[in-house]
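K.L.:
Each protein sequence line maps, in turn, to chains U and Y.
Counted from 1, the first sequence has number 141 at position 141 by the numbering used here; the numbering is strictly sequential.
Numbers given in the numbering used here equal positions in the second sequence, counted from 1, plus 1000.
Where hints are given, some of them may not hold.
[Unchecked claim] One-sided excerpt, in silico: chain Y residues whose CB lies under 7 Å from chain U:
(1) R1080
(2) M1118
(3) T1309
To be clear, the hints were calculated from the coordinates, so they are not data collected in a lab.
Given the structure is predicted, the values throughout are model-derived calculations rather than measurements.
The C-beta atom is built at its ideal place from N, Cα and C for all residues, glycine as well.
Below are the chains, spelled out letter by letter.
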Amino acid sequence: MSRVIPYHEALREALALCLEHDPRVYLMGLGVPDPKGLFGSTTGLVDRFGPERVRDMPASENAMTGVALGSALAGMRPVLSHQRVDFALLAMEQMVNQVAKWHYMFGGQRPVPILIRMIVGRGWGQGAQHSQSLLSWFAHVPGLTVIAPATPHDAKALTLAAIESDDPVISFEHRWCFNVKGEVPEGIVRAPLGEAHVVREGADVTIVASSYMVLEAMRAAEQLAEDGVDAEVIDLRTVAPLDRVTLARSVRKTGHLVAADIGWTSFGVGAEVVSAVVEDAFDALRSAPRRVASPDVPSPSTPALSAGFWPRARAIVDAARAQLGRAPLPAEGPPPFPLDVPDPTFTGPF
Amino acid sequence: MMRLRAVEERIAARYPEQEMRCPTHLCVGQEAAPVGVCAALRPDDYALSHHRSHGHYLAKGGDLDRMIAEMYGRETGCSRGKGGSMHLVDLSVGFLGAVPIVASTVPIAVGAAFGARMRGEDRVAVVFLGDAAVEEGVVHESLAFASLERLPVLFVCENNLYSVQTGLEARQPSGRAIHELGAAHALSHAQLHGEDVFAIHAWAEEAVAQARAGEGPSFLEVLTYRYLEHVGPYEDVELGYRTREEVDAWRARDPIAHATRALADEVGPETIDGWMRAHAEALDAAFERAIAAPYPEPEALFEGVFRGTSTRLGEGT
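Looking at chain Y on its own, in the form it has when it is part of the complex (with noise of 0.2 Å):
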């Protein structure tokens, strides 16, 4: 969680130097779920992601120096530079990948787990979606189909109350948790506050053991929020769509602040300052090395829209 929150505070820092060409989401506030999630997966096991995917991609073991020459548009970048910020992928880590069009990964997932079932593989697939994901109707095909196959997967739902900058109660009915759609679709289900990295480590080490087991797909709500804008490094109290207040209040229960203290007896503040110096400069480096990094050579544009070969029947793997 300290490595999110300093990487996406340094993007914050340097997005301003124009130098990284691409729209960022940043997760800073929201780092507990993709870190307690994602301890409680194996490597092989697959995760997707939406726009607000880095905290995602580096929880799951994804490559630092690749993603920040992604943003960066370098040949290096996990996508060659072709993706950018919302299109990170890191296959040696199961992660599958992320795109900006909400919810669109859902289906995605579902059918990895469908896929590594039918191959005999007992890889478990999480997807990450927000609260507005729920409200495109692909998420509610996604969750009938896993639950009526029974498939590995889990739906983790981080609820930051916004959609761009339309806030929940002019998109979802009051009255109905979001988790509760779990249920409608025979899933197991529960909703977590964003502050508590262990207990959605405990849910996520359940939800997995669960679908490992053959017993299905499971749905979580954690209650979360951004403390930056929607996309960009800057806070935007002033746009006055959240108040200030509303901001604060969710800074008081910061999860890297619970976690920290958590662990105060256990580690000691020495400790903790040592791993925030540690990431820090591991930040410089990869930083450095994406600006040194060398563009794609023009003639990448034309490479790659198809794959141009076959495989012959009962061929490859």
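Extracted from the complex, chain U is given alone in its bound form (with noise of 0.2 Å):
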């Protein structure tokens, strides 16, 4: 039986085999081997396997990217790590046109094993330059492979598997899925990259979600449920390159489309992979497919307008019940907590 562990710790697991099992695998990043450790992601690893491979780093982002890809080139397999993804971006340069280009534009001559870990904010004040989910930023770039797990499971699966890629993986880790529980396999425990995830099989309607949004669309399914709607909900896990065929066969079981994303709806994971439904299953479709998905304002400070800006579980189920012509259910009085924190036991600081 697999033991039920918190996110963290099965990122912590899948960090510490890989070290444990390979010597060019080296973690990186501000704060890794902190008595914090990433919001436990790197925890003690640093007393295991030394500082040389579990390092800290200068606030320099943009080097040390190059950095880890210089040494991946010279036969390394670096993992870096970003405490918000919104510094990763003093690092675009070389993500975008050195990480993600130099294994086609040098004729694929070596490979370019580098694992980048963003982690998303979200709530709790994180404010404008805190919560930013940029997935479909990365997902636009070829040559970069973006991961986004969802659970326990997941966390640990992907990251083994992405740091054994022969090809860049950016992964984008959830804060709020970080103290989620879940069923982990000891041991090494794999997922493909490339594929999505059926996680809930349903015949009424199709959500399409990623990240921390998985946990809403289960939500989401499990009410659609209590009034005889049969939600099939698909975990991307892999945002780049998109399972296309996973998602058109959905589709042509159900007809109706939910698209459930973690960043802004313009331009976002939503709309590709309404457009991908589109373009492969437009004659299955018996409604107009549906984004959810945060506005397009920056990410509000106060917890006054969080509930407008972050989307839930209600906002997927009326999405999917106008799909279906349903009416919608009665306005939902005070939510029995905050909606700035993720669940009642959480107090901060963050």
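Build the complex from these two chains, which are given one at a time in their own frames, with help from the hints.
P.N.:
This is the structure:
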């Protein structure tokens, strides 16, 4: 039987296994060896593997991305971490121009095995520069594999597969997933890169989600089931390259599509999911696909505006009901706990 | 140096034929730094470069045929035609690559040295950069990290005074020589004239020995000059951003003339003429082979975006 452990421990297990089994793997990032260890995902690893392999780094994101690339060309397998996606933007040049293209533009001569971890913030007043979900930016660039593990199992299995990949991988880890618990096998466990996962089978509507929105999609599916709507939930797991086959297959079964995304609505992952399905399975669609994502405004800090910015399960339920021609559910009363935290046990600071 | 000069002049001569369909930045006049530095390196040492990279590639031992074929967009090119003049690579001699985004290979070279050290190898990495590169923040981040870790890296800044057509005086403060930035990051540093390949080589020998001994990185500024335009085969004095007098003054300090004078007593003018003839003949053959080589098949467009493989934990080297 699998143990039940939180997401951050699952990440740590994957990293520890890779460090243990492959001397070429090393971890680098601001705070990686510090006592908090990136929200628990690297705590204690420095004691076990030493500061050479579990490294802190200067606040030089662009250079350190180049250093990771250069070391990969020299035969290492670096794992570079950012405590927030937003800091990775300082390294866009190296990620987009160099890391993503190196294999192609030099005629495929050398693998570029790099994992770049980025943590997405949300809620608790993270504000405009600490909460961005920029999956679609990276997904747009050929040469980057973009993963977004939603569950503890996938946090371990996708991270391990990403470190083993001979291609560069960008991993989006959502802060609201970090304390979520789930079954995770011990030892080496892999999930395939590039394949979406049907996490709940259903016949009436397809809900496609990634990262934290998978958890909201599952809640939405439960609520829909109470009214007799049988939703199929697909976790993209890998956002790019997109597994269009699984999406089209599901919509051919259900005829309806809701795309739920942790990012902004316009030009987002949801837009790509809808486009792919329209191109591949237009004849199967029985209603216009819908997107559930944040409105196109920067993330506000005040809890008073959180509900209007971060969509939750109810927004997915409403979108699915509308597609099926069902009347909207009655307006919700006040939420049982503040909407700027993942659950009532959370008391900050983050 | 004579070989680099011959290659670059031949490229310039044939570029107007419109068969080399990629931007081409020639290093005529700048040959001393690549040759002087690379002669101090082992084949398994790493080198990286920027858009003006032909000299660095060849001086590190890169394959001439494959370089010319790359410029002609052929399948036999060193990057299978996917890169062109600005993306040269020859892994067999440690030339890890060149890219046109100014300064971007500087951290990558630092990373190559870092990786080599983590693997217990005594390789040195050299990165060639232009004077404009030091205006990019990533260079300072890279110098700081290389210094912090005492990494075996040589930073070789070829200061040819111009970033495209913008002069140094519009880009950098007067009274601060570029090599002094090395001092700010606690690196060994020096400034040499690009006329003198022997002095550059002597510096490189010492810097390489220091790097291999674990005594850290070095920074060299070479005062040099491109005789031809920023990109393309022609002179460009008529643009007015630099004067004929300035070009002539630098041509009077030509690195090849300097080396030839220094070697005249040793080898004699006939031998030097013989070298030039041999280079020219080898060049003819390289261009013929490149032009005769096939273009990549259309399917190659989709090949190599992803490697599509994985290396299981603990496998491989």
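K.L.:
Compare the structure with each hint and give your call.
P.N.:
Consistency of the hints with the structure:
1. Nearest Cβ of chain U to the Cβ of R1080(Y): about 3 Å, under the 7 Å cut. The hint holds.
2. For M1118(Y), the interface hint holds, the least distance from its beta-carbon to any beta-carbon of chain U being 6 Å, beneath 7 Å.
3. Hint status for T1309(Y) relative to chain U: holds, with the closest Cβ pair at about 5 Å, below 7 Å.
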